[in-house]
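There are 6 protein chains.
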Amino acid sequence: MTLFDTSLRLLDRVRAPRPVHAHCDLPCGVYDPAQARLEAQSVKACMEKYNASNDADFKVRATMIKEQRADLVKQHLWILWTDYFKPEHLTAFPHLHELFWKATKTAGEAKKTNDVTVADRLLSEIADIDEVFWATKK
Amino acid sequence: MTLFDTSLRLLDRVRAPRPVHAHCDLPCGVYDPAQARLEAQSVKACMEKYNASNDADFKVRATMIKEQRADLVKQHLWILWTDYFKPEHLTAFPHLHELFWKATKTAGEAKKTNDVTVADRLLSEIADIDEVFWATKK
Amino acid sequence: MTLFDTSLRLLDRVRAPRPVHAHCDLPCGVYDPAQARLEAQSVKACMEKYNASNDADFKVRATMIKEQRADLVKQHLWILWTDYFKPEHLTAFPHLHELFWKATKTAGEAKKTNDVTVADRLLSEIADIDEVFWATKK
Amino acid sequence: MTLFDTSLRLLDRVRAPRPVHAHCDLPCGVYDPAQARLEAQSVKACMEKYNASNDADFKVRATMIKEQRADLVKQHLWILWTDYFKPEHLTAFPHLHELFWKATKTAGEAKKTNDVTVADRLLSEIADIDEVFWATKK
Amino acid sequence: MTLFDTSLRLLDRVRAPRPVHAHCDLPCGVYDPAQARLEAQSVKACMEKYNASNDADFKVRATMIKEQRADLVKQHLWILWTDYFKPEHLTAFPHLHELFWKATKTAGEAKKTNDVTVADRLLSEIADIDEVFWATKK
Amino acid sequence: MTLFDTSLRLLDRVRAPRPVHAHCDLPCGVYDPAQARLEAQSVKACMEKYNASNDADFKVRATMIKEQRADLVKQHLWILWTDYFKPEHLTAFPHLHELFWKATKTAGEAKKTNDVTVADRLLSEIADIDEVFWATKK
Numbered sequence: 001m002t003l004f005d006t007s008l009r010l011l012d013r014v015r016a017p018r019p020v021h022a023h024c025d026l027p028c029g030v031y032d033p034a035q036a037r038l039e040a041q042s043v044k045a046c047m048e049k050y051n052a053s054n055d056a057d058f059k060v061r062a063t064m065i066k067e068q069r070a071d072l073v074k075q076h077l078w079i080l081w082t083d084y085f086k087p088e089h090l091t092a093f094p095h096l097h098e099l100f101w102k103a104t105k106t107a108g109e110a111k112k113t114n115d116v117t118v119a120d121r122l123l124s125e126i127a128d129i130d131e132v133f134w135a136t137k138k
Numbered sequence: 001m002t003l004f005d006t007s008l009r010l011l012d013r014v015r016a017p018r019p020v021h022a023h024c025d026l027p028c029g030v031y032d033p034a035q036a037r038l039e040a041q042s043v044k045a046c047m048e049k050y051n052a053s054n055d056a057d058f059k060v061r062a063t064m065i066k067e068q069r070a071d072l073v074k075q076h077l078w079i080l081w082t083d084y085f086k087p088e089h090l091t092a093f094p095h096l097h098e099l100f101w102k103a104t105k106t107a108g109e110a111k112k113t114n115d116v117t118v119a120d121r122l123l124s125e126i127a128d129i130d131e132v133f134w135a136t137k138k
Numbered sequence: 001m002t003l004f005d006t007s008l009r010l011l012d013r014v015r016a017p018r019p020v021h022a023h024c025d026l027p028c029g030v031y032d033p034a035q036a037r038l039e040a041q042s043v044k045a046c047m048e049k050y051n052a053s054n055d056a057d058f059k060v061r062a063t064m065i066k067e068q069r070a071d072l073v074k075q076h077l078w079i080l081w082t083d084y085f086k087p088e089h090l091t092a093f094p095h096l097h098e099l100f101w102k103a104t105k106t107a108g109e110a111k112k113t114n115d116v117t118v119a120d121r122l123l124s125e126i127a128d129i130d131e132v133f134w135a136t137k138k
Numbered sequence: 001m002t003l004f005d006t007s008l009r010l011l012d013r014v015r016a017p018r019p020v021h022a023h024c025d026l027p028c029g030v031y032d033p034a035q036a037r038l039e040a041q042s043v044k045a046c047m048e049k050y051n052a053s054n055d056a057d058f059k060v061r062a063t064m065i066k067e068q069r070a071d072l073v074k075q076h077l078w079i080l081w082t083d084y085f086k087p088e089h090l091t092a093f094p095h096l097h098e099l100f101w102k103a104t105k106t107a108g109e110a111k112k113t114n115d116v117t118v119a120d121r122l123l124s125e126i127a128d129i130d131e132v133f134w135a136t137k138k
Numbered sequence: 001m002t003l004f005d006t007s008l009r010l011l012d013r014v015r016a017p018r019p020v021h022a023h024c025d026l027p028c029g030v031y032d033p034a035q036a037r038l039e040a041q042s043v044k045a046c047m048e049k050y051n052a053s054n055d056a057d058f059k060v061r062a063t064m065i066k067e068q069r070a071d072l073v074k075q076h077l078w079i080l081w082t083d084y085f086k087p088e089h090l091t092a093f094p095h096l097h098e099l100f101w102k103a104t105k106t107a108g109e110a111k112k113t114n115d116v117t118v119a120d121r122l123l124s125e126i127a128d129i130d131e132v133f134w135a136t137k138k
Numbered sequence: 001m002t003l004f005d006t007s008l009r010l011l012d013r014v015r016a017p018r019p020v021h022a023h024c025d026l027p028c029g030v031y032d033p034a035q036a037r038l039e040a041q042s043v044k045a046c047m048e049k050y051n052a053s054n055d056a057d058f059k060v061r062a063t064m065i066k067e068q069r070a071d072l073v074k075q076h077l078w079i080l081w082t083d084y085f086k087p088e089h090l091t092a093f094p095h096l097h098e099l100f101w102k103a104t105k106t107a108g109e110a111k112k113t114n115d116v117t118v119a120d121r122l123l124s125e126i127a128d129i130d131e132v133f134w135a136t137k138k
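Sequences listed follow chains G, C, A, L, V and D, in order. Note that the first sequence covers residues 1 to 138 in this note's numbering. Note that the second sequence covers residues 1 to 138 in this note's numbering. Note that the third sequence covers residues 1 to 138 in this note's numbering. Note that the fourth sequence covers residues 1 to 138 in this note's numbering. Note that the fifth sequence covers residues 1 to 138 in this note's numbering. Note that the sixth sequence covers residues 1 to 138 in this note's numbering.
Some hints could be false.
Identical copies look the same in the list; a pair holds intra-copy or inter-copy alike.
[What the hints assert, rightly or not] Straight-line distance between alpha carbons at most 27 Å, and here's what the computed DSS-like set of lysine-lysine pairs gives:
id, residue 1, residue 2
1, K138, K102
2, K112, K49
3, K102, K112
4, K86, K137
5, K112, K59
Worth flagging that the hints you see were computed from the coordinates, not collected in a lab.
Only chain G is shown next, with the shape it has when bound in the complex (with noise of 0.2 Å):
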């Protein structure tokens, strides 16, 4: 993405009534990619935590807390993926099982490491994944 794109991007979303959230008309509800990002910022502060630690315990509960946060990156990718988006989007954006395949394997991976540049490419896949998902709101 250029940075003139994300310029227009950035622009859009503050020009539009954009809520934080999108309202879905169909059974399945109300869906957001906020909600994983918001695990996925959780995911590297406790990476970042753990890291500026000296506290053996302190430590421990970072792993396990990381664990939960990245369980729950998980998740909401998942519902995303199989909830929100029908065979129209796919063919739309046809790396779309690539995109969410990659961001779910990325949040496991997250829980293996205290690399905070694996939380960034993590929060980085929900990015794209949060542009395709706008994208179909137009």
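Starting from the known structure of chain G, fit chains C, A, L, V and D onto it as the hints suggest.
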């Protein structure tokens, strides 16, 4: 809040690198009232679909899912109340406890009815909390 | 299944350290599509019992339990898809993503109906996944 | 509370057909601060066992289980606060919100330490809530 | 149990520093049959409210919540049975397995009915377990 | 298991509507000791990976995941014991209660150790339960 304040606040949201979320620097992690709001919108959607349907089984499912979503609203709000807000916030916003007590009670009330005005009140109370929350972030 | 097959199978159960499962050597642990299949059979059983009953409360419970079981089907399938399958498997089975997308969507559809043919389709899609899974184990 | 008050209260508990629990006549069901207290005692036990042990794995488990138990303390207290207590109770006990805010914050604090005085403070705050609770039952 | 025994037992409960809970000195933590009893009382309350109501949605919710509460009864009882009780207890109370098997089966039965006598039987079976439990604490 | 057995087994999988499960005709649904066995194999795998690793964080995760998996073993076994087995089964298999008590206790023991022989004992006890289970299905 005057219309002018609201405009400023909206502008503020736009200009600053305001993420959809909030990053907490304390051990407790990442917070955002958007999590409660999304579930409350789901509660409202369940009510609307319940009211629009004549299918008994669908109504059972809407009732059941609404119950779970309203529980999630309460969870997210309780976590904000206890984990995010600090005594200095209470000094600045003395109605904080009342805000959360009323909003979580309304979430409970939303389980017992399909009256959409209850869901709208819940969303409005979460919007009030959201306002306080973002004010503490400035 | 012939009587002869059944006999062999029963013998097999008696004599041997008969695994029903698959042991994964990677950090992700132990996988087996049997977990999804068992929950899908429970979904089907809930439908059959719903259809055979005239008791309103029983039907509520069947609907509710079916919802939970269908959720478990999705969970088990999502975990297989993201955690077990690797890029090399996708090369060998290019329809992998479609298989899982369709099966998890069918599990969602099974929540909304008591039409047993939907449960049968779900079981058939899980059988297809099972086949791919065991082929990767050879 | 004076010793005399305590004695009266204990006597009161003995004489009356005081059940271990409280039966709520409203749709919300059955409440009893004993649920929070039991989990808080578990939190304290985890700390004591952590402190008495030299086994690294045991300490990990104690930390992990304490985290879950402290979460349950918060759950039970939040439910009491939002679901059981009514505006008229707040009039009679104006410190109600503070009581619950402090106790749930202490439960959060107990996750971060193995200092038994924190668990004792938590138990004492739950005892204060218990007192208010039973006063509303008279 | 004779009335005299009952009286002694009640007296015993009063005099001794009998806590609402039991503190286990083994790694397994804190146990108390009160946890199961409270949930069983909730099961009974759900039945009573179901029977007193003419509101179809309320009845769905009562059925659903009763199911969850009965599950919690089973959980608490299973944990007592497996985690708290030891072989020496079984020697002293040879009917221990039967007690728990019957009580957990009754909890399952309580899911399927709104007949309050089933809930009363459940409460009575939990009272029997409670008696054995406290006898092992002396 | 001989190669011949393996071949038969593979053939069986390919040809037949091979069930891995058991279909219960009562309201309680679908049961299969395979569910407990799969989680017990996961417990064993966690131990093996713990023992083979020198990475402190990995060991924390293995301990944590083993705890959850051992809990699932207990859940699946408790459900079988209470929900599937009936008084007539107990008549035919008088050691039924002991089987389940020991197996669930072993699952608890497996949380506290990384001694693989404990996991092997757990698997063996589940195999005994499996044998009884399938005998009741004939």
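Okay, the hints, checked on the actual structure:
Proximity of K138 to K102 under the C-alpha cut-off of 27 Å is found in both arrangements, the shortest distances being 25 Å within a copy and 25 Å between copies. Taking identical chains as interchangeable, the C-alpha atoms of K112 and K49 lie at most 27 Å apart whether they share a chain (15 Å) or sit on different chains (13 Å). For the identical chains of this complex, K102 and K112 are intra-copy neighbours only, at 16 Å inside a copy versus 30 Å across copies, given an alpha-carbon limit of 27 Å. In the homo-oligomer, the alpha carbons of K86 and K137 lie at most 27 Å apart inside one protomer (12 Å), although the nearest pairing across protomers, at 31 Å, exceeds that limit.
Proximity of K112 to K59 under the C-alpha cut-off of 27 Å is found in both arrangements, the shortest distances being 13 Å within a copy and 11 Å between copies.
The structure is consistent with each of the numbered hints, conforming to all of them.
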